[in-house]
Structures are given as structure tokens and as C-alpha cells.
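Residue numbers (my numbering), protein chains in the order written: chain A, 1 to 606; chain B, 1 to 95; chain C, 1 to 176.
For the record, the hints were derived by calculation from the structure and aren't laboratory data.
Hints may contain errors.
What the hints assert, rightly or not - SDA-like, lysine to any residue: derived pairs with alpha carbons at most 25 Å apart: (1) K357(A) <-> L451(A); (2) K170(C) <-> H81(B); (3) K170(C) <-> A38(B); (4) K120(C) <-> A56(B); (5) K120(C) <-> A77(B); (6) K120(C) <-> Y49(B); (7) K189(A) <-> Y151(A); (8) K515(A) <-> F286(A); (9) K120(C) <-> H81(B); (10) K474(A) <-> L393(A); (11) K357(A) <-> G133(A); (12) K22(A) <-> D166(A); (13) K351(A) <-> E132(A); (14) K547(A) <-> A537(A); (15) K351(A) <-> E437(A); (16) K120(C) <-> A45(C); (17) K547(A) <-> Y151(A); (18) K189(A) <-> A57(A).
What the hints assert, rightly or not - Listed below are several chain C residues computed to face chain B (Cβ distance under 7 Å; list not exhaustive): (19) S2; (20) L3; (21) L18; (22) V19; (23) A106; (24) W135; (25) V152.
Said to hold, decoys possible - Computed from the model, here is a short list of chain A residues facing chain C with C-beta under 10 Å: (26) V404; (27) G405; (28) R572; (29) R587; (30) A590; (31) L591; (32) V594; (33) L595; (34) L598; (35) L601; (36) G602.
Backbone N, C-alpha and C define an ideal beta-carbon position, used for all residues, glycine too.
Listed below, chain by chain, are the residues.
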Amino acid sequence: MALLGTILLPLLGFALLGLFGKRMREPLPGVLASGLVLASFLLGAGLLLSGGARFQAEWLPGIPFSLLLDNLSGFMLLIVTGVGFLIHVYAIGYMGGDPGYSRFFAYFNLFIAMMLTLVLADSYPVMFIGWEGVGLASFLLIGFWYKNPQYADSARKAFIVNRIGDLGFMLGMAILWALYGTLSISELKEAMEGPLKNPDLLALAGLLLFLGAVGKSAQIPLMVWLPDAMAGPTPVSALIHAATMVTAGVYLIARSSFLYSVLPDVSYAIAVVGLLTAAYGALSAFGQTDIKKIVAYSTISQLGYMFLAAGVGAYWVALFHVFTHAFFKALLFLASGSVIHALGGEQDVRKMGGLWKHLPQTRWHALIGALALGGLPLLSGFWSKDAILAATLTYPFGGVGFYVGALLVAVLTAMYAMRWFVLVFLGEERGHHHPHEAPPVMLWPNHLLALGSVLAGYLALPHPLPNVLEPFLKPALAEVEAHHLSLGAEWGLIALSAAVALLGLWAGFVFFQRKVFPAWYLAFEAASREAFYVDRAYNALIVNPLKALAEALFYGDRGLLSGYFGLGGAARSLGQGLARLQTGYLRVYALLFVLGALLLLGVMRW
Amino acid sequence: MSYLLTSALLFALGVYGVLTRRTAILVFLSIELMLNAANLSLVGFARAYGLDGQVAALMVIAVAAAEVAVGLGLIVAIFRHRESTAVDDLSELRG
Amino acid sequence: MSLLEGLALFLLLLSGVLVVTLRNAIHAALALILNFLVLAGVYVALDARFLGFIQVIVYAGAIVVLFLFVIMLLFAAQGEIGFDPLVRSRPLAALLALGVAGILAAGLWGLDLAFTQDLKGGLPQALGPLLYGDWLFVLLAVGFLLMAATVVAVALVEPGKASRAKEAEKREEVAR
């Protein structure tokens, strides 16, 4: 029951703020919301320390409403509520003065509640509730400033693209139900311990569930919604589209590790998609001019890394990267938010620059975030990225190709991270602003996130250094055979990644401080800015044909309706014609009477 | 047999009269003609099927008498308020 | 067909035509009387003597007289008055009438009847047992009907306004 409390607390926040929020003065809604999230965090931590918890209630026939707090879901719960709490506090300051203040926090709390439902679920339908719920919250929050039609469109785009993934999720669930008669994760885990029932159908189910993850976590080909989702307020981008919701796909794969560990081909496909997405995100980040969109494409890329890890079978490594990424990505977004706040709403990096002197604390936040993203040795990003690189060589579904690809993307990552930092903070001041530093309520969460970005990696250090995370998560994940590298090989690879990261960071630092760029770079940058024309391709191939079909159907439907009205008109004219027989003259009636009688008699006679 | 055919013709004549006449009383007269044609037919068939035909004809005469009384009363009542007996004036039940 | 039969049928048809075509209502009524009288003779010839007598007494003697009475009362002697809004319907009426005749004749076509019943002359002695036997209910019902018709006829032609006007006139005269 207490486990249900972790979900009910933010849900209560949603209800209270939704109903009474308008009457509360700032900053009460923000404080209330943050407090409830903190309470959830503490409750979850407490339950986890006491050994976990379960909750079960009668729900649909054959499908109970069951929640499970084990190491895996507990880990995610702490990330969601912990980082969520920090971002809530940041938002108290960032959203100050906005007319929809209480509405914002109501939606924010709803999101936390739904994300917790997703994470704590012990059966797929319950997870699906959370899945849809976070999608809803995302829609509401992306389109928070709904009066702007472009923002509303972005929200709708996110929701619709997600829906495609959700279809996959549902179909996957259906197949599992058909094969095993249960959708409870614990029961499915046991059921799959023996020889597989129908490997091909199971592979299809795995692929379909992965499709759901592709939608939710913005992988190729459903990644188009994430850059547009930057229309929402910065705290939204930080919480939902960096730290938590988009990692739900990774969590799904990890939770279903018992399924994927026995489906080598599907896992391989997952890894390939992950690597391609990582490359795509990294390449597209170079051309972006919006400060948040650079970070958004970076998120797509890093999610690709997580799927790469999950695909090769290293589920705990993927979750390790989720952990570190939550810190430094949220930090990058919130730092961007501080910059936007400082410049009074400016988001175009071409109008920024030279902010190093003006923002004494945000500059460090940004630098730490960018270095962590780029993989500076000893920061969190370095350890988790290196773990992924090592996993591609040691885990069963991996391969050297994955390693090389991931390494190259790491170089690109370092370079665009530096581009972000350089364009915003260094160089000449291209804008005409009077920047002021953020208030403490916005700075303190960033301090904590920066600390996390530095230290989070130390949870899982490579052999022979202590690794706390892997044994913590192992019981909740599937058993996957991983062969170990020799100590020399392992540390040699670490040195290689360190060198590569430093090289990339230095190269980015130097290159993007240039005044003039070579022609080949400018051409590349132009293509990158359009994210390599994916949106245009989708519009031409899918969206516009569907729109045309919808319009045609609409007109056809209207024509059908007017056809029915036409029928009415026809009946009316028929009636009017017949009414002319009612002349009122008795003799006419008599004539018709006799005529009718004759006809009847005639018919009867013959 | 010829009587039966004659009765059919008389009936047809009556129908023509009903459809053609424009004064209510003359319409009524034609109706009486029709009734009598029916009676002739009944009597004609009685010769083939028995006395029941005649009894029926007797009943028809009695009913016709009653009908004429009531009908003429109606005509008198209606046309007392109007000046004419024209059937075409009764055209209020238009469609 | 004997000569008398042929003459009778000819007269029937002639008078029928006269009834439906004569313009003067009284002439039409007289034609109808002729029709009824010939018909009565035909009844007698068809072994329905009682019916023939009834035909003369009731039909020709009461009903048509009532008709003449009403014609006189309403000054409706002239038949077709004023303008005929449906003059084009006459051919259609004729056609329909022919159609009716045709249907009825067609009904009589294949009938193979043996007119051999012994009707005992259609006298009251023969009709009586039937009237007060099988047809008793019908007889009583018709009687009731006649009573009802009488009441209705009186009610329909009740003086109403005219009598009230008369009473008002009487009171005025007395006052003076």
C-alpha cells in the first residue's frame, strides 16, 4: 500500500493544483508540487532500503493491477523523483510570472505520477497506463503555451508519432497474452525459463515492444518529435525529454530483458537502430541554431547509445548511462534555461556569445555539463560511455563494428558539445542584451546536478575498481553471459576512449572559435540544420498523402451527407407532387376512388 | 344472364353519374341507380342459388331507405347555410 | 330472350342513361321512377314478386318522392349551374365507368349458372321463414338502423336558429 503512495502523492498534487491552483498565490503551487515529489522520493528510498515492496489489486479479469519495487524499478524511481525534485525546484523560479503557473505544476506532478506508474509496473497493461499517461503529460506540457499555434502543432506531432509506437506496444502485448495467457512481468519471466514456445512469434512480440520504445525514446525512424518538443518550457525539456520520459523505452527493454536475452536477432536489430540513431543525432546537432535544439539532438544521440548497450545485452550498462545522462543532460537543459532567462527569452545561439563574463555560476554549470556529455575523463559521462564501448566488445550480441561506430560518434559528441559551449559563452558578444544571473532557486538545483554530473559515474567503475551498480541491478535483469576482457585490454580501451574524448573536446574547442568556416563544413552544417531533411521527407511521403486522403474522405463524407439531404429533397418533391392530387374537389377524389377500386379488382381478377 | 349483364351496365352508368354530376342531389340519384343495379344482380343470382338473394335485396332496399333519409338530411343541413348545392364548393380539404 | 324481356332491358338502360345525363333534376328523378317501375316488373318476372311490390312501394313511392321533396325545398331544380372547374375530367369518368363495366362483365364471363332454383314465386310465404329464421338478426339490425336514421334525419334538419328567431319575434309582438 505504501508503494501505491509514491504514485498517489504526485497524483494528489495534480488533483489539488488542478482544482484549486488558480486560487493559490505564487510560489505555493511550485512549493507544493516539489514537496510532494520529494515525499515520493523519500518514501520510495525508504521502501527500497527496507527490501522492496509489492502491491496487487484486483483489476481486469486475468490482469491484476500489480506494482513491484525491486532494485531495477527502485533505481529508476530514485532517478525520476530525485532529478524530478531538483527540476521542480528550478521551475519554481523559471516559471515565475507565467499566468499558467499552477497549471504547469499540476501537469508536472501528473507526469511524475504517471512515470512512477510506468516504472513500478509489474504487468504490461499497468506499464501501458503509465506509458500513455506520460505521453499525455508530455503533450500537455509541450503545448503548455497553447495559444501559439506552432507550439500546439509540436505537441500534437509528439503525441501522434508516439501513438505509432504505442500501437507496437499494444500488439506486442497482445501476442504475449496469446502465447502465455498472462501479462504480469514476474509470471512471464518464470514462464520463459524453459524452452521457448514459439520463437518466431516471440521475436515479433519483442520487435513490436521495441517499436513502442522507438516511439517513446525518439529513435530512428520515430525521432522527429523530439526537436519540436523544445517548444515546451525548459524545465519540461529537462525533465521529460532528457532525464525521464524518453528513457522509458530503455527501461522497457531492461524490464523485458528476460525476453530480449533469448532473442538474438531482435537484440541485434535494437543495437543497430541505437547506433544509427546515435550517429544521426550527433551529426544533426552540428547545424542547429537554437540552444535547446542542440541539446535535443544530443539527447537523441545519447538515447541511441543506451539502446546500443541494451541491444548488445548489457542492460545494466544502459541503465548506468540513463543515470549519468539524467544528471548531465538535465544540467545542460537547465543551464540553457538559465541562459534564456538571463537574456530575456533569446534562444538563438547566433545572437549569444561572450556570456562567460556575465554569468558567473551558470557558466560553470554549462561547462561541467558539456564536458560530461563530451566524455571528459573522470566525469560521469566518461565512465558510462566507456562502459558502453566495452560492452559492445564483451557482450554476446555485440561486435567490433559497433565499437568502432560508437567510438566515432563519441568524437562527434565531444565536438558538438564544445560547439554548444563555445557559441554561447565564448567569443564576441553577438547579441544586444543585458544579461543577469539566475536567482538562487534556479541555481541551487543546478549546483546539485553539476555535482551529480561529476560524481555519478563512480557508481560503476571498471574492473578492478569498485562497481556497485552492476551487482545491485543484476538480480532484476536477465542473466547474460559476458566474457571479460583482460585487465590490460580493458584499461587500454579506457585510455583509447580518454584520448579520443580529449581529442574531440580540444578539436571542438578550437574549431568553433574560428571566425570563418571552410566551405565543406558550411555545406554540411546547412544539411545538418535541416536534420538532413527527414521532416520534409516524412511530410512528402507520409503526412501529405494521408492529409490528402483525409480531405478526400471528408469531402466524400460531406457529399454523402448532402446526398442524404438530397434524398430528403427528393422525397419532398415527390410528396409535393403527390400533394397536387389533393385538390379538395370531391369529384376528383371520387375519380381516384373508382380508379383505385378498378385497379384492385383488376389485380384480384388476374 | 342477360339481366346480370344489364345490372353491370346499370352500375357502370351509375358510376359515370357519380363522377360527372355537379349537384349533390343528382349525385345521390346516381347512387340510387347503382344500388338498384346491385339489387337486380342479387335477384338474378337468387334464381341460381336460392331465396337468400331476395332476402338480401330486401335488406338492401331497407338500408337504402335509411341512407337516403340521412343523406338528404345532410344535404339540406349543409346547403341551408350556403346558397348553392354545388359539390365543387366543398373543396376545403385541400392537400 | 323474349320480346318483353328485351323491351324491359332496353327501357332499363334508357332510363339509366337519362338519369345520369338530364340537366333538370326533376326530369332525372322522373327517369329514375321509370327505371324503378320497370325494375319492379323485372323482379316479378324473376320470381321475386314480394320484392317487386316492395320496390314500387318503398323505392319508387317513398324514396324518390323524398328526393323530389328535397329538390323542391332547395330550389335545386336546375342541375348544372355555373362554371365547371373539372370539365376535362368527363372523358376520364367515362373511361372509368367503362372499366367498371368491363371488370364486372369479366367477372360474369366464365360462369356456368343453372337458373333452376324453385323460388316459389318469391312470395311472403316463402320469404317469411327465412326472414324470421336465418336472417332474424339482420332483420332486427336493419330495423334498428331505420329507427336511428329517423332520429338522425330529424336532428339534422332541426330548425335551430330559425326557431329562436321566431320566438324573439313573438315576444316583440306581445310587448307591443
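Holds or violated: are the alpha carbons of K189(A) and A57(A) at most 25 Å from each other?
Holds, because 20 Å separates the two Cα atoms, which is no more than 25 Å.
Taking the least C-beta to C-beta distance, is V19(C) closer than 7 Å to chain B?
6 Å, holds
Regarding the pair K120(C) and A77(B), is the alpha-carbon distance no greater than 25 Å?
45 Å, violated
K351(A) and E437(A) were given as a pair; does the straight-line alpha-carbon distance stay at or below 25 Å?
OK: K351(A) and E437(A) at ~18 Å, within 25 Å.
For the pair supplied as a hint, K120(C) and A45(C), confirm whether the alpha-carbon distance does not exceed 25 Å.
Given pair K120(C), A45(C) holds - Cα atoms ~12 Å apart, limit 25 Å.
Regarding the pair K189(A) and Y151(A), is the alpha-carbon distance no greater than 25 Å?
42 Å, violated
Evaluation of the interface hint that places A106(C) against chain B, nearest CB under 7 Å:
Nearest chain B Cβ about 10 Å off; hint violated.
May I ask you to test the interface hint for L598(A) with respect to chain C, counting a Cβ-Cβ separation under 10 Å as satisfied?
5 Å, holds
For K351(A) and E132(A), compute the direct alpha-carbon distance and say whether it is at most 25 Å.
38 Å, violated
L595(A) was flagged as interface toward chain C. Is the shortest Cβ-Cβ separation under 10 Å?
This hint holds: L595(A) lies near chain C, its Cβ roughly 6 Å from the closest one there, short of 10 Å.
So, R587(A) near chain C? Judge it on the closest CB pair being under 10 Å.
Result: holds, 6 Å to nearest chain C Cβ.
For the pair supplied as a hint, K357(A) and L451(A), is the alpha-carbon distance within the 25 Å limit?
Measuring from Cα to Cα gives roughly 22 Å; hence the hint holds.
Going down the numbered hints, you'll see the structure goes against 3, 5, 7, 9, 11, 12, 13, 19, 20, 21, 23, 26, 27, 28, while the others check out.
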